[in-house]
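Colleague: One letter stands for each residue in the lines below.
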Amino acid sequence: MTKKYDTPLLDELEKGPFPSFVTEIKKAAAKNAMAADELGLLEKSFRDKVTYWKHGGIVGVRGYGGGVIGRYCELAEQFPGVAHFHTVRINQPAGLFYTSEAMRFICDVWDRYGSGLTNFHGSTGDIILLGTVTENLEAIGTVFSMNGFDLGGSGSAMRTPSCCVGPARCEWSMIDTLDITYDLTQEFQDELHRPSFPYKFKIKTVGCPVDCNAAIARADLSIIGTWKGPIEIDQDRVRDYAKKGMNIQEEIVNLCPGKCITWDGNNLAINNSDCLHCMNCITKLSGALKPTPPFGATILIGSKAPFVIGATLSWVIFPFMEMKSPYEEIKDFIRKATEWWSEYGKNRERIGELILRLGMREFLEAVGLQPTPEMVKEPRRDPFWFWKEGDLEGKPWESWLK
Amino acid sequence: MTKKYDTPLLDELEKGPFPSFVTEIKKAAAKNAMAADELGLLEKSFRDKVTYWKHGGIVGVRGYGGGVIGRYCELAEQFPGVAHFHTVRINQPAGLFYTSEAMRFICDVWDRYGSGLTNFHGSTGDIILLGTVTENLEAIGTVFSMNGFDLGGSGSAMRTPSCCVGPARCEWSMIDTLDITYDLTQEFQDELHRPSFPYKFKIKTVGCPVDCNAAIARADLSIIGTWKGPIEIDQDRVRDYAKKGMNIQEEIVNLCPGKCITWDGNNLAINNSDCLHCMNCITKLSGALKPTPPFGATILIGSKAPFVIGATLSWVIFPFMEMKSPYEEIKDFIRKATEWWSEYGKNRERIGELILRLGMREFLEAVGLQPTPEMVKEPRRDPFWFWKEGDLEGKPWESWLK
Amino acid sequence: MPYVIPDVVDVKQRKTDIGPPHYKNFLPPVIQKNYGNWKEHQILSPGLMVHIANSGDKIWTVRVASPRLLATDTLREIADIAEKYCDGYFRFTTRNNLEFLVSDESKVNPLIEELKAKKFVMGGIGSRVSNVVHTQGWIHCHSAAVDASGLVKCLMDEFIDYFTTKETPNKVRFAVACCTNMCGAVHCSDIAFVGIHTKVPRIEHERFKDLCELPTTMAACPTAAIIPDPAKKSIKIKEEKCMYCGNCYSVCPALPIKDPQNDGVAIVVGGKVGNLRTPPKFSKVAVAFLPNNPPRWPEVIKATKKIFDAYVAGAKKHERVGEWIQRIGWEKFFAVTGIPFTWQHVDDWTYAFETFRTTAQIKWVK
Amino acid sequence: MPYVIPDVVDVKQRKTDIGPPHYKNFLPPVIQKNYGNWKEHQILSPGLMVHIANSGDKIWTVRVASPRLLATDTLREIADIAEKYCDGYFRFTTRNNLEFLVSDESKVNPLIEELKAKKFVMGGIGSRVSNVVHTQGWIHCHSAAVDASGLVKCLMDEFIDYFTTKETPNKVRFAVACCTNMCGAVHCSDIAFVGIHTKVPRIEHERFKDLCELPTTMAACPTAAIIPDPAKKSIKIKEEKCMYCGNCYSVCPALPIKDPQNDGVAIVVGGKVGNLRTPPKFSKVAVAFLPNNPPRWPEVIKATKKIFDAYVAGAKKHERVGEWIQRIGWEKFFAVTGIPFTWQHVDDWTYAFETFRTTAQIKWVK
Ligand code: SRM
Ligand code: SRM
Ligand code: SRM
Ligand code: SRM
Ligand code: SF4
Ligand code: SF4
Ligand code: SF4
Ligand code: SF4
Ligand code: SF4
Ligand code: SF4
Ligand code: SF4
Ligand code: SF4
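Residue numbers (this note's numbering), protein chains in the order written: chain X, 1 to 402; chain R, 403 to 804; chain U, 805 to 1170; chain S, 1171 to 1536.
The hints are simulated quantities; they were obtained by calculation from the structure and are not laboratory data.
Incorrect hints may appear among the rest.
No farther apart than 16 Å at their CA atoms in a straight line, the calculated lysine to aspartate or glutamate pairs in the EDC-like style are these [stated by the list, open to error]:
hint : chain 1 : residue 1 : chain 2 : residue 2
1    : R       : Lys738    : R       : Glu540
2    : R       : Lys692    : R       : Glu634
3    : U       : Lys1136   : R       : Asp676
4    : R       : Lys446    : R       : Glu479
5    : R       : Lys779    : U       : Asp961
6    : X       : Lys27     : X       : Asp48
7    : S       : Lys1185   : R       : Asp592
8    : R       : Lys446    : S       : Asp1429
9    : X       : Lys54     : X       : Glu77
10   : R       : Lys790    : U       : Glu1043
11   : U       : Lys819    : X       : Glu138
12   : R       : Lys779    : U       : Glu1135
13   : S       : Lys1185   : R       : Glu800
14   : U       : Lys1109   : R       : Glu800
15   : X       : Lys324    : X       : Asp274
16   : S       : Lys1475   : X       : Glu393
17   : S       : Lys1369   : X       : Glu393
18   : S       : Lys1209   : R       : Glu479
From a predicted model like this one, the values you see are computed outputs, not experimental measurements.
Chain X with its partners taken away, still in its complex shape (with noise of 0.2 Å):
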């Protein structure tokens, strides 16, 4: 039934140890048409060195204005396997557990109506069903929704929140990631689905400043756990660590960006007041301490890939945010914060990019916030400065210049 191809190219990428994406492609191509035009083509971009596929094309499910990459192939005759070839995004559950009754269900879904071929994950964490027809959108729809599960998000859109595994199988999760993005995910369902913001908008929520899902770097707002108290000191379990060759002056004292740990040779001592939150000693003292309550996090904003401007990193708006459910606070500031992006927002212009273009106070403003000094690495350097009316009012200096 399905065509067979010469991949002399791709076939020298089965040796080697590391587990093949071409012996996937071929099992899927054992019976698959889609899949085994897949690997022709491959083999032929393998050869060219240059991809084969068309600039994308809108095709969706009815009531979505997203969750599905429109691709089509620019050689299709040879090709008619992969003439449509678009990828459908399930948004995944959060923490990327499954069973493997979820998974069989899928499974079967993919084989049925698409090439049989998926990403376990997509970069933003969606599952990625690869390569459908235009004719089975609606269908692979449907099932996936009697199923319980839903699309994920593309275009200008929210898109599909993700998070670390956190307190799922994390000791040190101070929030809890996986009920938030199911949370915001369920709360903003309309935005996910329906194209509504200036571009892309993406939340990544981690259970501590480790960042084990890369909040930080690539999400528009990103959660990242957080704590207030000090943290715990098992002296037994350092002086193990010691005793097994740790070198903890060197390992942890010397690296703690804090300066403010130090080593007797018998006691561990952190001044906690100067402690950046950082991380490093908790995890490399391992199970010997322990970060304490008060739970939060820190939120930052504005993180992406480098078009237009650069890439960015995500930098802070809340120095510390409680996040107990219903998540009312956050939710408020993503509603405001997407709301004044959509209204000055250009056409593909990220939030970040705005804030930078329009400046923070006009941000911070928009949605009630004032400046603090953990927003920033440092304050502004050049002396000028822009001056609403009333910032000089009642002439602020009087109260702190006592």
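Following the hints, complete the assembly by docking chains R, U and S with the ligands onto the known chain X.
Modeller: Only chains R, U and S with the ligands this time, still in chain X's reference frame:
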């Protein structure tokens, strides 16, 4: 002969321990009508909280395009003595050394032709003679030149080079700052006296990275002495410091940015290959440590005040240049750099701003240099960059990818 | 939950905006019980760790490499194994690895044996190389200047020992992006690869009119190289301002930039995202261009090895690649890796000044 | 060299481009002899140090505060003293202090006695406050938003003990600039003061035509707030883009910006120029506005004291102000000084992004 003013506000500034500039003005005012009106005018400025000087006018000495800052008073009728109140910039001797004789000569000139008020020195380094009238300028120029002095720079010209005290009275000077300054000043007399650049061009030379003349912050061309040899250690003297109470670990080892010093309580060791040549250990253990040859200078370009693109610090162009009389290499560089700048620079664009506008490559190619990692804190970030015809010719990777 | 796929699908049954299934449905009972109450974990081997709850309960995780691109057959095989040893529970990591979640200690070793037998590759836990965050490449994207999965395969084949056994000073995060849109985490990875172009886009004036919007196209250009060409109802590109970034093509199909002869791969290094020790860092260019040489990209792999080996040899414990470079200095980085420093390393874009060395602090390298 | 001032000056005798006199003419013999051959120095008291040559020769330096603005009478007095104790040799420092250069040890104490008697203030050597790099202010400049000499006098009166006797963790470099042209070293000083405006320049359309060039004026604006007003042959200012920097006035007298009611002083902190320990640093705004209150600027002095005292109390040995702040963090800086953090502290100009806190590293302050 001179007018008297009530100066209650200024009188307040005759009180207090620090020597008073008001007392100085009063001293001059007692015998000089210009100084007297300067005093009256200043009191008025203090009262009204505003300057009363007009935007500069163009005045000068024949054959020179600079050296005099024209200054007229907005309140000429009320204060006729300062109706004209031009500043004459006299090129200081390198290192700011004087003899009583020379100083008396300067005073004589200024009592005869000016207000009797001076600045030792202006921020650029000149002797500033404050306040004279247009008619006196030719005579002032003549008398100074008859006695071996010349005007300093102003306007869009080479500015008066200056330096730290260097080899004249400092054990750390690795280059002859005074001689370099004198020599470059002589070499570029024409550029200094006849503005023909897009904007000002300042040169500051210091004997070592301590930078006692703020070369890196206030000069388009910063010449900073440095060394390539190992740091010589007199262990006895180091121990002496320790004995006298210095905490070598805290003050020397921990503060070394190269993290290349160790101290075992008895011996200090420096891993010179990691030394950043910052001078901290050498200055704080003064007398115990000594830089050794080869000596030379790091040459940096581009520092300036905030307009228009924000304040800059100079950045490295030559990591290391030998600085031997007659300093042909640096002169050649200055000539090439200022030629390129004069060709491409806009009016009022400093050389550093031009480099930032056109890119380092344009500049480096114009002056015949190749890029080196010492020029940057870090390589560029976002993965798009220019290629010129030929950059990839001959597959440059083949040679280093062996 | 019994999943059903009716033979005849009635699209009217479709519900919208139900969102993803609740994560609780997929958590093993031991996790549900000890959710948020973990005490600590121990790394037992590069592919095995155990998390211990305050209650004393434990869960074992066996981590397995995945090419991310998976056929349904493989997914079913995984499901079968999970059923056999994990009551059907497993997960993926944020870096595309697969994790079997074992609640019953006695099943850990048998699971490992079966995985070995089936040629699954275990590892990636601890201070070592883990899987590669990457993108679509020639598999699925119109924008790809290079393939992604292929490059990942070559990289991981090369560094496999560092996944399965050997340690590195700290975790080494690779990432691959097939174009400068950088759908991978390239801009903040220890060592990352990005497909780049080196020639100006070609303008298809006829198609421009129909397919592209002038303001959007102009706004897409980071260097304002695009100006209107009213005569042609199209645009012009000021060649000397073009950095070949390809962003104009992202918004306008009439500006193809792909070029088999001149596209290539750049290597950027020293980024990180975690807040440990030093703040998150951007990656910086190490190698500005290497040829796009499928199927094995030998030049890219060789260059990567130079960087990787220098890091492993030179870094102190817990130092990430960027922290190592920060300590030794970029002049030493280029010296110890033998990579030449070229024009392309010197920034000339928005933050160029911030990257210039505004200090006399220099290390001498031979 | 005998200096002559003829009664009648013949301007034809003027030579041009002779440059400054050679510095050797002004070096004491002991310096000439040991030039470039100094071995070390010792700081004997805050106003006295001795430099010792490899030859064993010594030169003593007595440092004296100067207001920089000096009357010829004072200069003559200095010349007289130098003649008496120093064979006529003295110098100024790069921070406007005066240094008597004594070659004969027996003359050191008598010199000091005479200086004391004459109320000269000795000090400034070592880890302490030295003199203030500053500018013209109302004495001579049309651009001054604040006076410079006056502010310097108030500062040095306040901190005089730290010049004459008391120590600070490291040198503290003050600077004053009367406008944002910043002819002082304000942008890289420990604690610096700059005169600023807070209102948009007034446009004198009539004068604009005669006095100003349109392109130069537009190019002078850092925020591109200036646009042509062709009707008036003048310009318009987009008020919402104006940062009141005054640079347009620098090139165009028809745009006066001085404003007695609304001009004021900003305090910037944490800059340095030396390469020791940490690289040179820019100053950052600590206080965005204080009123311009001559003759004693009490608000400025009080605010400075808060910063200075916090530094002296909190810094470790050898830490400059900027290094201290870097260690404790800006959140603590604002906490320990009690200075409020305002909108003006947050950058919104060229490098704004580089100043944002792109990390979760935060210290909690009450
Ligand atoms: C599938 C995925 C890559 C992957 O293999 O994992 C992907 C694929 C595409 N991305 Fe992406 N992006 C994917 C995650 C990302 C990420 C990473 C992330 O989300 O954590 C980024 C960087 C972070 C960011 O958002 O900035 C990313 C930054 C971009 C950009 C640049 C956006 C920008 O503001 O600069 C584009 C260009 C655009 O939007 O037109 C882009 C555009 C695209 C398009 C839609 C191509 C296009 O221009 O139309 C790609 C479709 C490929 C295809 O044919 O399937 N993709 N994209 C990822 C989404 C899967 C998922 O939903 O889970
Ligand atoms: C006298 C002096 C200040 C002082 O009291 O010491 C001074 C005074 C003036 N400076 Fe300056 N600058 C003086 C050193 C500096 C310095 C510091 C230095 O040279 O080390 C700087 C900062 C470094 C730099 O060059 O960027 C400096 C940056 C400026 C600027 C801004 C230049 C820029 O590129 O942003 C201007 C504006 C201009 O050029 O129109 C300026 C303009 C002026 C003018 C000419 C005012 C004007 O706009 O026409 C001032 C004349 C005041 C007067 O009436 O006497 N002055 N000026 C200094 C020169 C004395 C000397 O020759 O020794
Ligand atoms: C499973 C996973 C979370 C998830 O939701 O899927 C995870 C899980 C753990 N991480 Fe992570 N991290 C995971 C992605 C990340 C990421 C994100 C990324 O790579 O894109 C990072 C940030 C990397 C960066 O900074 O660029 C990350 C940086 C860390 C670190 C910090 C390393 C360092 O810089 O010192 C630790 C702490 C440690 O290793 O000491 C850590 C520690 C851990 C611990 C020990 C946490 C715990 O107690 O359970 C987990 C197992 C350790 C391991 O894999 O070595 N995890 N970890 C992710 C596994 C990815 C993989 O397959 O390899
Ligand atoms: C006389 C003078 C040079 C001149 O040509 O006039 C000079 C002279 C010396 N400096 Fe300096 N420095 C002089 C301006 C500077 C400057 C420039 C400035 O302030 O604008 C700096 C850079 C300040 C900065 O980084 O912002 C400067 C930073 C230093 C340092 C480094 C301090 C530090 O950050 O650790 C040292 C080393 C030390 O003190 O240990 C030093 C050390 C010295 C020594 C000990 C060098 C020596 O062996 O002779 C000299 C006497 C020490 C003293 O004054 O405490 N000198 N010194 C300048 C005196 C200015 C004054 O009147 O106070
Ligand atoms: S980010 Fe923190 S809480 Fe989340 S998995 Fe990593 S270490 Fe655990
Ligand atoms: S969490 Fe980081 S900053 Fe805080 S004590 Fe530990 S190592 Fe230091
Ligand atoms: S810069 Fe160096 S050589 Fe010059 S005076 Fe300062 S310490 Fe001495
Ligand atoms: S000069 Fe600076 S970098 Fe070099 S050893 Fe001394 S303290 Fe370290
Ligand atoms: S990085 Fe570029 S080529 Fe690769 S998937 Fe993303 S948009 Fe497509
Ligand atoms: S490739 Fe990039 S730089 Fe070149 S024209 Fe297109 S958008 Fe502009
Ligand atoms: S800082 Fe401004 S006001 Fe002061 S002297 Fe310089 S130009 Fe004039
Ligand atoms: S004051 Fe400054 S910002 Fe305002 S218009 Fe003039 S130059 Fe522009």
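Colleague: Would you mind marking each hint as holding or not holding in the structure?
Modeller: For each hint, the structure was consulted:
no., hint, verdict
1, Lys738(R) <-> Glu540(R), "violated (34 Å)"
2, Lys692(R) <-> Glu634(R), "holds (5 Å)"
3, Lys1136(U) <-> Asp676(R), "holds (9 Å)"
4, Lys446(R) <-> Glu479(R), "holds (14 Å)"
5, Lys779(R) <-> Asp961(U), "violated (34 Å)"
6, Lys27(X) <-> Asp48(X), "violated (24 Å)"
7, Lys1185(S) <-> Asp592(R), "holds (13 Å)"
8, Lys446(R) <-> Asp1429(S), "holds (15 Å)"
9, Lys54(X) <-> Glu77(X), "holds (14 Å)"
10, Lys790(R) <-> Glu1043(U), "holds (11 Å)"
11, Lys819(U) <-> Glu138(X), "holds (11 Å)"
12, Lys779(R) <-> Glu1135(U), "holds (9 Å)"
13, Lys1185(S) <-> Glu800(R), "violated (61 Å)"
14, Lys1109(U) <-> Glu800(R), "holds (15 Å)"
15, Lys324(X) <-> Asp274(X), "violated (27 Å)"
16, Lys1475(S) <-> Glu393(X), "violated (24 Å)"
17, Lys1369(S) <-> Glu393(X), "holds (14 Å)"
18, Lys1209(S) <-> Glu479(R), "violated (59 Å)"
Against the hints set out earlier in the document, violations occur for numbers 1, 5, 6, 13, 15, 16, 18.
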